[in-house]
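Visitor: Take a look at the letters that make up each chain.
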Amino acid sequence: MNTLRMLFAIMRAGYLNKVRTYRFLTILGLTIIAGYAFVPPPDADYVTLAWVSTTTIYRGVYNSAWIGALVAMLTGAFLTLFGFYVVNDAVKRDEQTRVGQIIATTPLTNTVYTLGNTLCNFIVLSTMVAIIFFTTIGMQLVRGEDLTIDLWALTSPFIVLVLPLMFLVAALAVLFETRFLLRGGAGNIVYAFVWLFSLPLFSELIDLFGILGILSSMGAAGQAKYPGLDQNKSILGLEWGFTHDRKLATFTWNGMYWTTQALQIRLLLIGIALGISLIASVRFSRFDPAYEPRKVTESIPSGAPDINEVKISALVPLKEIQLRPLGDKELQFRFGPMLLAESRLMLKEYMQLPFLGMWGSATSVALIIAGLILPLDVARGILLPVAWVLPVLIWSKMGTRETRHRTDQLIFSSADSLKRQLPAIWLAGVLLAMVTGSGVAMNLALQSDFLGVLAWVVGALFIPSMALCLGVWTGSSKLFELLYILLWYIGPINRIEILDFMGVLPGSVDAGIWQFYITITLILIGLAFIGRKWQIQRG
Amino acid sequence: MSRSTLTVRLLQLQVENVSKRYKGSDFFALSNFSLDLGHGVLGLLGPNGAGKSTLMRIIATITRPTHGTVYWNGIDITQQPDKIRSVLGYLPQDFGVYPNLNADEFLHYMAAIKGVEPKAARKRIEDLLEFVNLLEARKRPLGDYSGGMKQRIGIAQALLNDPKVLIVDEPTVGLDTEGRIRFRHLLSELAGERVVILSTHIVSDVETTANDIAIINNGQLISRSSPEKLLQTVEGKIWDWVISSSELPVVKQNHLIRSIIRHREGLHLRVIAEKSPAQEAQQVSAPTLEEAYLYCISTQRTREVRAG
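If you read the sequences in order, they're chains A and B.
Just so we're aligned: the first sequence equals residues 1 to 539 in this note's numbering.
Just so we're aligned: the second sequence equals residues 540 to 847 in this note's numbering.
This is chain B alone, in the form it adopts within the complex (with noise of 0.2 angstroms):
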């Protein structure tokens, strides 16, 4: 069987009960966690210390989860970590290069390191390179590179092997809008044939790619829906209220306030809520992703509250 029968067939990607609590600490980065994939670009949205990285760092097998386990196409990885390291490309969100080489030599290392054919790597490194647009700077130390630069040569190591399982933490840190488009378009791309993972706050990265959002939060999954379907939850929900100045207060502790633009005649305010929050409020017709993620993190937030 030839290697793309075999992944068209076998592209499953299992995280089963999957809890991990680091060494010293009683918190649970990830509790009981569960997520089933198949091909495509999933987003993983969540607040800062949500568990996102952590989850991408136990499928990257970087680290064993505390209980449960991860299948890919029926392996388990957390055993065999191998069986899938030879298909993975991953970006971490916080990764470092070796300063004395340059772009075009660390590329070549980490080609040497993933086991591609020094011929095949070095026409990759050459279509990388242009891809993550650094043919001019290839033969300057990585240790002169700048933040975004680094962080391209990052993307760029990722998909040196051409990898069935792309996860990517936080990707576009760094890039300038035109290298942010290019990525958001690759990704899209890439999908096709392969399972992609895109962890990010940035929730317009994730509107424009993925097919499949996740949310997290607390070590937990609180969403799992196709965009559309994010949407859906706040069709209806979205306000536009104009106050005066001295309202705000009083407002901003009783509502969800996703925006306030200063205008001439008052503050104007997009507010997520249930119900009107005042007569004079209108209702908007197209909510966004950044919107619906708001109001998906805030009503576990109140459920939360409750039930403690």
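The following block holds chain A by itself, in its conformation from the complex (with noise of 0.2 angstroms):
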């Protein structure tokens, strides 16, 4: 009984601090605009589910059925990893709040605390998925193609589908956290790719998102009605491109019958996270210092001896150290030890993360030689994307520090920061997008292609801008370390020209994508610049 009482107390504490935050409320007006974007009116650019043919789009009328089963299954595969990223840091709360120690020395064990924080996120998680609920039957009113309501067939795919993934992530949240490797700008990185590469494969082996179940019986559904429907040509996703020269036919799917085999799927994916979730408790810190960097103090004489006992032998005056005055030359600012305090800053906090640090410096070096000396294809297509994609721990803590290390009021309260400090954050990002990058750029040179230098430039400029900015405007590494990955990921890795921000294909040189980037480029550092001034004056 009082085991549970405590988990609810850890739970409701939890859920509490951090669904009364601006920033929950902006996550959740992004879930609604998610729920709204998911399901496309008739004239809509882009589809979210359909079969196509080359001459027609197959999808279902939207009714209670197919819309539930549709934004479910959008919803699933979506909230695991942005999801993640909203709860991953309820551990991490209580250590900077140092609520942690206190709650050390109760009598709480490690498995009710990790099992406390994993149903924590699991409910902030489930109050996005209700959000999006909610919404979805709004949308089939909105929509308008079918007025009847069917609850059981709105809400069972989100109960069957959703919420088990949900309580995954939850307690993945929770071990990432409680890892010493996975804690923070590491494990927010790890758990991208993780989700890149690993979740299709799961998604085939065992349907994961359950979305193979539903995706057969859709498409069984209308092939009867219409048999020129190909089955395996299924579009899942935010898709654009297809709707034109298209015409659109629809039929009805009366929702999803769900196979005992397909529970028990979803009933192990619950046993699965209860598993991570214990195996979080095991060699969980439990917020020792012993853990962390050791803490010094300073040396107490042992074994004090009476007042009665100290001889004083002579009075010493306490020693006098004299302040000498600076002069106005003295005081007078300079850009250069500005800018080589702040790279040092980023290299030095770069250095101390644990195997990162210094592996990863090791090979950005090793990167710049092997760019300069291979084959050009070779050097711009492969090693760039990975010069480039290792400092991004860097990288994600330009304009947070100042926030997260509690400096802000020493560093906004010294003149002029915004002219001086903010163009030294930025510059510094550039410079290291420069030298990790320069191994490639001297190989472009050498074949004289300048306007790959020129895209490579653009993409050094572009990066810590990115970085500047969102790390800025959110407080938090985390939005970057996000974006950039999946836009790395989805274009210099998978090859979409338009996002090849750093050059890496010779079609977008040519085509000119710079030229985009350098317009964002601009964007972005001018909204750094605003936002910081926004925290300077701010009060």
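Since the hints were made in silico from the structure, they are not lab data.
Beta carbons: idealized from backbone N, C-alpha and C, even for Gly.
It is possible that part of the hints are untrue.
Unchecked claim - No farther apart than 20 angstroms at their CA atoms in a straight line, the calculated lysine to any residue pairs in the SDA-like style are these:
(1) Lys-329/A to Ser-625/B
(2) Lys-658/B to Leu-339/A
(3) Lys-329/A to Glu-656/B
(4) Lys-768/B to Thr-827/B
(5) Lys-329/A to Arg-420/A
(6) Lys-419/A to Glu-656/B
(7) Lys-533/A to Lys-689/B
(8) Lys-689/B to Asp-408/A
(9) Lys-622/B to Gly-185/A
(10) Lys-622/B to Ile-523/A
(11) Lys-92/A to Glu-656/B
(12) Lys-348/A to Glu-644/B
(13) Lys-348/A to Lys-533/A
Said to hold, decoys possible - Among the chain B residues that face chain A by a calculated CB cut under 7 angstroms, a handful are:
(14) Phe-634
(15) Tyr-637
(16) Ala-659
(17) Gly-775
Hey, can you piece these two chains together into the complex? The hints should help.
Guide: Structure (structure tokens):
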């Protein structure tokens, strides 16, 4: 009983603390927009779920069953990624607020603590799912293709598909937070990679998102009405470019019959999540500072003698230290030392990262050399993206350090920090990009590919500008880490030209995609400047 | 005109009718607050939540007032904050450091931000590290520092640019006795050609350094005077009184008690009262600043209760 009460207390405190922030309101706003976007109107430029042939787009009538399943599938896919970043700060919060050290001295066990936080995360995520769900009901009425609300058909995909996934994400977030190497930025990046690379695999293997079962049921219903529908040619996600020159054909799908096997997989997910939560409790440091860098305190003489035993040989005056006044000349701002100081701060922080710091920088150096000597297509197409993804944790701290480490009052009360310090941070970030990518740039120059060099320069300007802007505005490094990895993966890695911001594809360089990124870079710099100005002046 | 002649002539900080209400709250942390300052040390005293930190943040240009202005040598610094920032040293009550930097690196970083020329900065940091007694710990990461050591780094950074205006909020928290005394000496020395504002709830810190004391309560200035004048307000109002333990509950309800010490013959009380609380009570000739402060705060409360 006592344990249950503890669980409930952790859950409640964590939940209230989370939802009572403006940030959470913003997140809810975004989820409503997502719910809206998932159900496009008939004349929209994009589709979210359909089967296509050369002449026709087939989709179900927007009834409760279709809309419920559609939005649930997309919610499951999107929130397994974004949801993780919404909830992966519960343990960190206890640590930063030092509440953790108080919690650690209570009878609360590690298992109850991690389980309580898992449940708390789960409820936060469920709140988002619930908001999307209510939006979905609204969307059925707004689209108005079928006005009969079938509550079970609407809710069951959310309950069966989405909630177990959310539980899994909730547990993973706690697991990441309790592992020393997966805390913070490194964990953010690792999770993005896990999601990008391993989830499609699991999706195929055990139908993790429950998508395969639903799609085959829907496809069969469509094919019964339109024999021309090829069940293999389905589209799911936000997909542009299919709506032109194709006519729309709709069919009715009445919902899913959940097989025992499908339900067993969902139960299995919940079991796995519980298991993860238990694993998280094992070797959890329990806020023991001994697991953190050692705190040095000054030596206090032990075995203090009684006051009467203290022999005073001679009274020694306190040591006098004269502080020499500074003259005008010594108080003139110079940009050089400022830039040096910012660069040093950036690198120092990175080098302290466990594992990544040393190996990451060693790899960066190796990549500079390899970028120079390997053939240009390898250097540009493969080495540059790697060289420019390694420092992501350095860039992501840009503009966030002052709030994160609470040095903001010290720095913002210094003269002209907007004109002095902000440009120094930005330039330090640019220099980092230029140095880590220098091998490839020299290679390009040696081959006289000066347009390529130009695109490279734009990339080196764009990345830190994006980091600084997002850092200043969100006060956290998470958004940049997530967006940058997605952009990097979809653009340079998957070779989508419009998203090739670093000029790794000869096609995009020739097409002048870099011009587009110059504009964006300027906008980002402007926004970063405005954001910081607001930070300095608010209050 | 050189910097020194400028500063001798112009050292004036005026807080004019400043009010501050924080977003989403009806509560005024400061209301219609005015204060004129020249060189010297001003001790700001007041209970928790009186508005001391808000006032300091406004003067340090961290927070903007809801109404009113602050002038530094005639310039409105709520509009042109950089005019004071270049001569400002500020030690906030609650601040952080970069845990991966050591003391040397952090101070160099702050020196760069404050625009101290690198060579001068090196010498200055050397002096400051010696002054705050961190020479030996200078190469350790700040993340390993204890609370008192971190506080000393805060003091050092506030003095980096040889500020003309030094604002220190609870500066001696976490310092050991020696560090505290040394810091007090420094404030007295600096005061000659600077505006120093020292906020604290430790009255003895003010007693030994400030030539000017402002007492704040509920966002308002309730007293401004020299320490001597403040002491005069309680002259003849402090009483030594010995009572038995059983009398204490009743006495507590009716009198402002400064201290209680248990002796064999009973409880020795030190009571602050306009008139003798009892026949056997003895008047004390040397009141302390703490007693004057308590008197000032409690008379204001009494006035409020009566007015309310």
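Visitor: For every hint, state whether the structure bears it out.
Guide: Hint check:
1. Lys-329/A to Ser-625/B: 13 angstroms, holds
2. Lys-658/B to Leu-339/A: Roughly 16 angstroms separates the two Cα atoms, so the pair holds.
3. Lys-329/A to Glu-656/B: 8 angstroms, holds
4. Lys-768/B to Thr-827/B: Holds. Lys-768/B to Thr-827/B sits at ~12 angstroms (cutoff 20 angstroms).
5. Lys-329/A to Arg-420/A: 18 angstroms, holds
6. Lys-419/A to Glu-656/B: 17 angstroms, holds
7. Lys-533/A to Lys-689/B: 28 angstroms, violated
8. Lys-689/B to Asp-408/A: Holds, at about 16 angstroms.
9. Lys-622/B to Gly-185/A: Answer violated: Lys-622/B to Gly-185/A is near 38 angstroms, above 20 angstroms.
10. Lys-622/B to Ile-523/A: Violated, because 29 angstroms separates the two Cα atoms, which is more than 20 angstroms.
11. Lys-92/A to Glu-656/B: With a Cα-Cα distance of about 39 angstroms, the restraint between Lys-92/A and Glu-656/B is violated, given a limit of 20 angstroms.
12. Lys-348/A to Glu-644/B: 10 angstroms, holds
13. Lys-348/A to Lys-533/A: Given that 20 angstroms is the threshold and the Cα spacing comes to 27 angstroms, the pair is violated.
14. Phe-634: 6 angstroms, holds
15. Tyr-637: For Tyr-637/B, the interface hint holds, since the closest Cβ of chain A sits about 5 angstroms away, which is under 7 angstroms.
16. Ala-659: 4 angstroms, holds
17. Gly-775: Because about 36 angstroms separates Gly-775/B from the closest Cβ in chain A, which is outside the 7 angstroms limit, the hint is violated.
Comparing the model with each earlier hint shows violations of hints 7, 9, 10, 11, 13 and 17; every other hint is respected.
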